[in-house]
Each structure stands twice: as C-alpha cells, then as structure tokens.
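Start from the sequences and build out the full structure, keeping to the hints where you can.
Mapping the sequence shown onto my numbering, position 44 (from 1) lands on 112, and the numbers just tick up by one.
In case anyone wonders, no lab produced these hints; they're calculated from the structure. As the structure is a computational prediction, the values presented were derived from the model and not from experiment. You may find that some hints are simply not true.
[Claimed, not checked] Pair ranges (Cβ atoms, derived):
hint	residue 1	residue 2	range
1	P96	Q118	15 to 21 Å
2	A117	N150	14 to 20 Å
3	G109	L141	24 to 30 Å
4	V91	C125	18 to 24 Å
5	R151	E124	26 to 32 Å
6	L104	S135	17 to 23 Å
7	N150	Q118	28 to 34 Å
8	N95	L121	17 to 23 Å
9	G109	G140	24 to 30 Å
[Said to hold, decoys possible] Computed cross-link-like contacts, PhoX-like style, restricted to lysine-lysine with a CA-CA straight-line distance of at most 25 Å:
hint	residue 1	residue 2
10	K98	K156
11	K98	K123
12	K123	K156
13	K98	K154
14	K126	K154
15	K98	K126
16	K154	K123
17	K126	K156
All residues carry an ideal CB built from backbone N, CA and C; glycine is no exception.
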Amino acid sequence: MTHITGWTAQSVKELPGNDETLVFYPNPVKNILYSLAFTSGSTVFVFNAQGSLIKECKPANSQIDLSHLPSGLYYFYIFDGNRNSKGKFVRD
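Here is the structure:
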C-alpha cells in the first residue's frame, strides 16, 4: 500500500473478504471497537467513506481505539494471513 500526500481517491476498489459472519461491537462506536477477529497477528486497515486510509494497526486485546476519528461512516479490512474479513461501522 502506498500513501501519497495531496492525492484524493476517485473510487474505492472492493477488497476481497470472506462471507463469514463477522461480529464486532458496538455499532455505532464512540471510542473502542471490539471483535474476536481482531487478533494479535492481524492487521486492521480503516478507511473513511471517501476511500482514504485513516488508520492501520495491529490490534491488542481484540479491540481498536477509534476515539480520534470524527463522526461518520467507516470501513475496515482485517488481514491475518489465513483469512481476510471486512466490515463497516459508524463513529458516533
């Protein structure tokens, strides 16, 4: 993944993900988003509704801190080497 300052995404490509049920909570989220899919070996990418990468992290304790995000709709992708998952949430 390449980050280039000053560019705006014109579209968001659908990333591959499995069709398994992904459980995460709460939604809408105020500060912390929880999911058992957030493992220490996974990487989580959070994108805003315009397709810009907002956060990339390695979750700790099955949670990610989203308290710094402004209110809005977000998408996340989880990559852990064995499977990929995706979801969307609202930051309240």
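Checked hints:
The hinted window of 15 to 21 Å between P96 and Q118 holds, with their beta carbons roughly 19 Å apart. A beta carbon spacing of about 29 Å between A117 and N150 contradicts the range 14 to 20 Å that was offered as a hint. Evaluation of the 24 to 30 Å hint for G109 and L141 yields a pass: the beta carbon distance comes to about 27 Å. For the hinted restraint 18 to 24 Å between V91 and C125, the CB-CB distance of approximately 19 Å keeps it satisfied.
Between R151 and E124 the beta carbon distance is about 18 Å. The supplied range of 26 to 32 Å is therefore violated. For L104 and S135, the Cβ-Cβ distance of about 21 Å falls inside the hinted range of 17 to 23 Å, so the restraint holds. Taking the beta carbon of each, N150 and Q118 are about 30 Å apart, inside 28 to 34 Å as hinted. Against the hinted window of 17 to 23 Å, the Cβ-Cβ separation of N95 and L121 comes to about 20 Å, which satisfies the hint.
The given range of 24 to 30 Å is respected by G109 and G140, whose C-beta atoms sit roughly 29 Å from each other. Of the pairs offered as hints, the one joining K98 and K156 holds, with about 14 Å between alpha carbons and a cut-off of 25 Å not exceeded. The suggested pairing of K98 with K123 holds, with an alpha-carbon distance near 16 Å, which does not exceed 25 Å. Our distance criterion of 25 Å between C-alpha atoms is met by K123 and K156, whose separation comes to about 14 Å.
For the proposed pair K98 and K154, the alpha carbon gap of about 19 Å is at most 25 Å, so the pair holds. In summary, the hint linking K126 to K154 is supported, as the alpha carbons are separated by about 15 Å, within the 25 Å threshold. Distance hint between K98 and K126 is fulfilled; the C-alpha atoms sit about 20 Å from each other, no more than 25 Å. Under the criterion of a C-alpha separation no larger than 25 Å, the hint pairing K154 with K123 is consistent with the structure, at around 14 Å.
For the hint pairing K126 with K156, the CA-to-CA distance comes to about 18 Å; that is within 25 Å, so the pair holds.
Consistency with the previously given hints fails for numbers 2, 5, ordered from lowest to highest.
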